[in-house]
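Just need the whole structure built from these sequences, with the hints factored in.
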Amino acid sequence: MSIAKPSLATIAFAAVALAAASVVMIFFVAPEDADQGLSQKIFYIHVPIALTAYAGFGLGAWKALRLLLTRSERYDLESYTGIHQGTIFGALTLITGSIWAKASWGVWWTWSSNQLVLFLVLFLFYCAYFMLRFSIEPGARRERISAVYALFGVALIPVSFFAIRLANDFIHPTVFTREGPQMTGEMFAAFCVSWAAVTLVGYVMYRAELAGKRTDANLRELREVLVS
Amino acid sequence: MTTYFGDVAALARKDLRLELRARDTLPAMALFVLATLVVFHFALPGDASDDAAYGLLWVALVFTALLGLTRAWVPEGESGALDGLVLAPSDRSAIWLAKTLATLAFLFVAELVALPAFALFFAGLDAVALLGVALASIGICAVGSMVSAMAAAARGREVLLPLLFLPLVIPLVVGGVGSSISPEPGTYLGFLGLYDVVFAILSWAAFEYVVTE
Amino acid sequence: MGDAAVVRAGFLEKRYGTKTVLRDVTFALARGGTLVVTGPNGVGKTTLLRMLVGLAAPTRGSLDVAFERGRIGFLGHEPLVYRDLTALENLDLFGRLYRVAERRERIGMLLERFGLWDARGERVASLSRGMTQRLALCRTLLHDPDLLVLDEPHSALDADGAALLDGELVTLAGRRTLVVATHDPARLAPIQSAHLALERA
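So the protein lines, in turn, are chains A, B and C.
Counted from 1, the first sequence has number 322 at position 175 by the numbering used here; the numbering is strictly sequential.
Counted from 1, the second sequence has number 97 at position 93 by the numbering used here; the numbering is strictly sequential.
Counted from 1, the third sequence has number 61 at position 46 by the numbering used here; the numbering is strictly sequential.
Rather than coming from a laboratory, the hints here were simulated on the basis of the structure.
Beta carbons: idealized from backbone N, C-alpha and C, even for Gly.
Hints may be right or wrong, so weigh each one.
Rough simulated footprint, nothing fancy, chain A against chain B, three-plus residues with beta-carbon under 8 Å [claimed, not checked]:
| no. | region |
| --- | --- |
| 1 | 33-39 |
| 2 | 93-100 |
| 3 | 164-171 |
| 4 | 203-213 |
Going by beta-carbon spacing under 10 Å, a handful of chain C positions derived as facing chain A [to be verified]:
| no. | residue |
| --- | --- |
| 5 | Phe26 |
| 6 | Lys29 |
| 7 | Gly32 |
| 8 | Thr33 |
| 9 | Lys34 |
| 10 | Thr35 |
| 11 | Gly69 |
| 12 | Ala71 |
| 13 | Thr74 |
| 14 | Arg191 |
Given below as structure tokens:
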């Protein structure tokens, strides 16, 4: 018996279903946190979004490496889309993180959350990716330079994280701390379902954007041929 | 192997010779860093700690480096000399290494002006802080040469370069400031060394892909 | 034919994003041959030549050049020199990078041959366009390349320089492989062994 590869529509449907399931689990299954109350629930969305952002940047870098090694054009669009999705989820990470900070500590921003600061730095870095990319004429040069920049990005992630840790160690002693939640079985289950849902949504968005961009490119090429 | 370093030396010498002849980048960097330090005096409140001043030193150094890096690849752009270098049988990474070394030399000269001025205007710098400056400068030039070459291939490169450069040097600022003010600077110096190694290797290996199709 | 092809292109295509600059370019050039490339402005002559020397890569099709980087000489639209270095310093630098044996002698000989000896200590920025092009020619010939790729070499030269170039080309034809893009094919007719007329993609 052969298993057919699921179509994008099927996966999208599964993503929506999982998202619905995760909402149920977050609000009805996972117990409320003793210290933080309802606001802690944002964690179930914030962390998966952050992880999906990392996945986007990682995917973008992997495709970039493939492009440099094989010179195959299709990897350029895949790398770009991965990074684009990563940046979108990165922006969402900052927003949900800010909401969580407001809910937990009453401030819209704090420098003491290492993850949040890291995402700010990465957001700056990857926004510059788009500025770089769209300042270069389309072609092999642009593909390669974008790819190299994407690789610098993944190197920057761990290095920046250490830097921010070091900075907070001494230069900015932490004002607010947040204990990592001691996750009960139900909390962990809710987290996993939520993580799966967000990842799947991210994947669907990646595939959808990629398909859209490919169609765009094909159309433009067709127009060029017809005009000449 | 010797031809590789011979190439690097010849190319770096070329950059030094060009600067000695034109004499536009170095004086600008030296004057810029002095002016910036003076601005910082007026920007800092009277009771600001030494630590705040050290922070601003690093801001000054980063932006002075940026000034130098904006001009780094200009000679290669006029009359297409970069193509000439790329066509040669020498390793393309040698081009990056030579440019990094030359830019580093210019930055060190600017620092020879900046650091005594800083000690005069604000606070003293011990050997550890100076080592931090040296290590961070290496990272600044390694990464700076790379992103400067990327920006050179794009429109609006003067505006683009700071956007590419600044996020990448944030870790260096942390390491540098930490080595100046922390009672345990060893960690920060080690971190600077790590950054230098990682990003120098990455830039060295990837440069080929930035200048060829 | 007896000679094996040292430059072979099959259905070469070059695209920049959605803009196709070259399409379906096919030719073969034997060792010692001279290929003259003609076509209207903007048809892709420069792009093709840049692909031959490795400054650009084809997006589709095959391109085989049987020479390594150090054995190719390229004269493009730009002189590929440093404006603030002297003629001598430029040639010395490129001579080093190309590992030219007996560099000083060879540089001196080329500067003399192309009438640049007296100007050797002058910065390129202060040279006329014709002299700069002659210097570019010296740079191209410095390492005695096996494959010479010249992009409209006569265009920036004055009458004397052009005559010197013609003399040089006659000496090289047959002994070295040449690819020359030009608007004036009649000038190269005596040495031409193959012709490629490019049309708009």
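Verdict on chain A covering the region 203-213 of chain B, where coverage means 3 or more residues with a C-beta closer than 8 Å: holds (count 4)
Is the shortest C-beta separation between Arg191 (chain C) and chain A less than 10 Å? Not OK, violated: Arg191 (chain C) not within 10 Å of chain A, min 29 Å.
Cut-off 10 Å, beta-carbon criterion: hint that Gly69 (chain C) touches chain A: violated (12 Å)
Report holds or violated for the interface hint on Ala71 (chain C), using the least CB-CB distance to chain A and a cut-off of 10 Å. holds (7 Å)
Hint check, Thr74 (chain C) versus chain A [nearest Cβ-Cβ separation less than 10 Å]: holds (7 Å)
Can you tell me if the region 93-100 of chain B counts as covered by chain A, using C-beta to C-beta distances under 8 Å and a minimum of three residues? violated (count 0)
Going by Cβ atoms only, is Thr33 (chain C) closer than 10 Å to chain A? This hint holds: Thr33 (chain C) lies near chain A, its Cβ roughly 4 Å from the closest one there, short of 10 Å.
Coverage criterion applied to the region 33-39 of chain B (partner chain A; beta-carbon cut 8 Å; 3 residues): violated (count 0)
Does the nearest C-beta of chain A fall within a distance shorter than 10 Å of the C-beta of Lys29 (chain C)? Result: holds, 9 Å to nearest chain A Cβ.
For the hint on Lys34 (chain C), just tell me whether its beta-carbon gets within less than 10 Å of chain A. Since chain A brings a Cβ to about 7 Å from Lys34 (chain C), closer than 10 Å, the hint holds.
A closest beta-carbon separation below 10 Å is what the hint needs, so does Thr35 (chain C) meet it against chain A? Cβ of Thr35 (chain C) sits 7 Å from chain A, so the hint holds.
Phe26 (chain C) as an interface hint toward chain A, with CB separation required under 10 Å: Where the cut-off is 10 Å and the nearest Cβ of chain A is about 16 Å from Phe26 (chain C), the hint is violated.
The structure fails hints 1, 2, 5, 11 and 14 (numbered hints given earlier, in ascending order).
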